[in-house]
Amino acid sequence: MLLEQLLTKVAVIGAAGKMGRGIALLLLQQMASLAAKTASNNYRLYLIDTNEIALFELKHYFQSELTRYAEKKINQLRRLYVDHPDLVSNSEIITAFVNNALQIIQLSTALIDSQHASLIFEAIAEDLSIKVAVLKACREVNRSDSYYFSNTSAIPIGILSHQAGLNDRLVGLHFYNPPAIQKLVEVVFLEDSASTIRQLTQELATLLEKKVVFSNDIPGFIGNGYLIREVITAFQMAKKLAKNKNIPLEQAIYLVNVVTQKLLIRPMGIFQLIDYVGIDICKNISNIMRTYLRDDQLHDELLEKMCEANRLGGQDQDGSQKDGFFHYQHHEINKVFSLQTNSYQPVLSATDVEAMLGGLPSEIPQWKMGKHQLQPYFKSLLQLDSLGAVAAKDFLFNLEQIGNTLLEQNVVEDIDSFDTVLKEGFHHLYGVAEIKSWIK
Amino acid sequence: MRKNVYIGAGYNTIFFGSGRKEFSPNKPMPPFEQYLLETAKNSCNQINNPQIDEGFIGSFMSAQFIKQANLPGFLPFMIPSLRGKACTGIEGACGTGGRAIAMGMRSILSDVSDVVFVSGFEMQNTMKAIYGADLLAGAAYYRKERKQGEAFFFPGLFSERAGAYYQKYGYENSRKAMAHWYEQAIINARKNPHAQEYHNQSSDLYSLGMKSPNPENFVPHLNPYDCSKVSDGASSLILMSEEGRLRSGLNKDQLVEIIAFGEAEEDITLPPSDLLELSTTKLAVEKALKQANLTLDQIGVLEIHDCFSITAILAFEALGFVQKGKGCDFILEGNASLLGKIPTNLSGGLIGFGHPTGATGVRQMVDLWQQLTGIAPNQAKLRTPYGMMVSMGGNDKTVTAFIVKRA
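Each protein sequence line maps, in turn, to chains A and B. This note's numbering numbers the first residue of the first sequence as 1 and each following residue consecutively. This note's numbering numbers the first residue of the second sequence as 1 and each following residue consecutively.
Watch out, some of these pointers could steer you wrong.
[As the list claims (entries may be wrong)] Here are a few chain B residues that sit away from chain A, every Cβ distance over 10 Å (derived from the structure): (1) Glu22; (2) Lys211; (3) Lys405.
[To be verified] No farther apart than 27 Å at their CA atoms in a straight line, the calculated lysine-lysine pairs in the DSS-like style are these: (4) Lys59(A) x Lys128(B); (5) Lys128(B) x Lys27(B); (6) Lys72(A) x Lys290(B).
Treat the hints as calculated values from the structure; they're not laboratory data. In this text, all values refer to a predicted model and were calculated from it rather than measured experimentally. Heads up, the beta-carbon is just placed ideally off N, CA and C, and yes, glycines get one too.
Using the sequences plus the hints, can you model the full thing?
In structure tokens form, the structure reads like this:
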């Protein structure tokens, strides 16, 4: 297999970042398994980042994550190490695997240390000029037959490839956050992507146990093509709600979050999702999409204002949620940020929320219970005209429209791909196909 | 036997681990000292002015699980009046409890002691099960067997037995019996507040038991529901001679008498001669029945060592309740249920109550004592005054069978 040969020397640029280290971990798991299988010490994973401190903390991260991985895969590892008479207990085998894996890593702040890599993964900031500069620099020091994978979630691969001089050697391989856990990857081939790199990408996705959805090379691809559009809708709805109901904007934001989580049966509401992704990241992505799609609708000043107020969301290194639109306590929303007072305010009480949302179906399914009871619930919801029901309906119709837009703009070949991203990437319980059946 | 040996008191702590609603691997857990003190205090409180002559404490792998050896030193900690007296540690893998009781009996039978405290405990939640599996593999011939064994070593050994059983007698019926055994274990455990599975609210236990084994994640022929749990816990009981009984001020209606015991050890370096038979168990039970001068149909209540559901099937065959290959039907017909011909493992057994390896044998005897004196949480209506238990260590290597009678 071509991939197995090329996997001996791999580089991850931006390895100390949230996505970079997750991608690095996935690669390291496989490289370590191959090294054990072939009894080879020829494997090298070059982890490159400008943040030296974060880079050197990676070893602790990999140690604990690799141990967990090895514990899960112990049956497989026992077979891999069957010819090592000194490795008898699970403990000895896991320790050997982890130690051998850590030996594969080489940390560096210098791009030149990627020069021997056959496969180079880029996972740096969502900024065209920075990505181009880095990829160009890699190309200049690296082998001419290396292949490149960009984790960009919005920048057109064709533009990146052209400006970095990579021609057909760059593919978009967008992992979802966190890469080690999320099953979905978005793959973006260029029209002139050679069959070799296409095959390599497929093999890689299989090896990393990922589900692939193909996107055409349109800014935002499928995931952000959906997310940014729904975020804009959420902002507009919150502003309208604040004006019509004469409530502070932040409380309207909280209400819209409740609608999108509770009434649309999702794992988190739209504003909590923005916090999760990172408000600054959403802002960057919306700017990219607005620029390259030449669509001023793909932007809202709220993103700018939140960034100026330094309420950025995102996660800490340990995965805990940072404050953004909401302040979190023990993973629960505790307060909502007021731009007016530049402080966090208590959220509406459950009673007030209930009163404002109005009449709703008597039984509202919970997301964690799965698809059970969704159809009767939504059919009932769609017949109501309370504030909550109407808001939920608007989001459902909007979601259907987003799917149509992505089809019309040729981002996706079919609506199934869009639904796959919603379900596998965003963990929605339903997609446009189901919504259409409820509306009928 | 040359003199009476009674059980006058006994106590099982909660058997703690996953399944209990208060359990979380990330929260601090009760230390072993707490279990030891609790079981000792509650056993001794059942006797007026207990005067204990000697103590036994059993544990399989405390030296590894909690880095604690020299366990006899904990007996005076548990019962201060044991300071300055004979205290002994016992180990026989999962059959430790049975060996500890047998040793206690020997002290009484040889006139060395009149009142003997027997305890067993284990703390297995000190590490993840994947690492605990290595320690538990010490119940087999580690140096020769571990390397080739499954990641989960003991489930792997009994998976091999299950695979052989499926091949000879068919998978479907076997799987149904194993699912039924699991279901019954949990139903019984739900009746005992100290059982590890007491809080189990699963609505379709049988379906869980019917899940196909997943060799990639576990072992080839067993699913996780076929297996006893990883547990922390302690059990104890007080043995006494007739003189000890009088000294302790106990009436006979509070007691059971151990009227027979059969002990059998097999060479640990040898593989089982027949994967489809628990031959050492069979031998131990035959000895006990012979000593008691009883037949199986005179046994009214049973405690078997169901470390795995396949072990339960094989046990019924080895004990002689049914012929080989018919253990599944025996279980499926409800013979081992509360209302069945031979009510078995009425507090859930190893699968339902839990299996802190050093404690289990003692726990089984405490359960029998409670059943025969009418104080069990899941009390059966017993058709005879006799009960039997089998305590097994390793892959049918270290076996002690006891027959008890309402005194």
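Violations among the numbered hints, reported as their numbers in ascending order: 6
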